[in-house]
Amino acid sequence: MTIGLTIYVLMWPVLVVAVMYSIARGFFKEWAEARREGRMII
1 MTIGLTIYVL MWPVLVVAVM YSIARGFFKE WAEARREGRM II
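Numbering (UniProt numbering), first residue to last: 1 to 42.
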């Protein structure tokens, strides 16, 4: 039971990091593309 709860609790920070990494990667990809094309990202 304790090991299962430990894994469950530690799983959430890993998921948050994965989601934040994915969002940041997409943002920087779009930002670099907009910069190359000479346009604003917004």
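Please keep in mind that the hints were generated in silico from the structure rather than gathered at the bench.
Quick reminder that beta carbons are idealized off the backbone N, C-alpha and C, glycines included.
One should not assume that every hint holds.
Pairwise CB distance ranges (calculated) [what the hints assert, rightly or not]:
#, residue 1, residue 2, range
1, VAL14, ARG36, 45 to 55 Å
2, TYR8, ILE41, 21 to 31 Å
3, THR2, LYS29, 50 to 60 Å
4, ILE41, MET20, 15 to 25 Å
5, ILE41, ILE3, 15 to 25 Å
6, TRP31, ILE7, 50 to 60 Å
7, THR2, ALA24, 32 to 42 Å
8, LEU5, ARG36, 44 to 54 Å
9, VAL16, ARG39, 42 to 52 Å
10, ARG39, VAL19, 41 to 51 Å
Hints and how they fare:
1. VAL14 <-> ARG36: 45 to 55 Å: For VAL14 and ARG36 the Cβ distance comes to about 33 Å; the hint is violated.
2. TYR8 <-> ILE41: 21 to 31 Å: For TYR8 and ILE41 the Cβ distance comes to about 38 Å; the hint is violated.
3. THR2 <-> LYS29: 50 to 60 Å: 41 Å, violated
4. ILE41 <-> MET20: 15 to 25 Å: 19 Å, holds
5. ILE41 <-> ILE3: 15 to 25 Å: 45 Å, violated
6. TRP31 <-> ILE7: 50 to 60 Å: 36 Å, violated
7. THR2 <-> ALA24: 32 to 42 Å: 34 Å Cβ-Cβ, so the 32 to 42 Å window holds.
8. LEU5 <-> ARG36: 44 to 54 Å: Holds - the Cβ-Cβ distance for LEU5 and ARG36, about 48 Å, lies within 44 to 54 Å.
9. VAL16 <-> ARG39: 42 to 52 Å: 31 Å, violated
10. ARG39 <-> VAL19: 41 to 51 Å: 27 Å, violated
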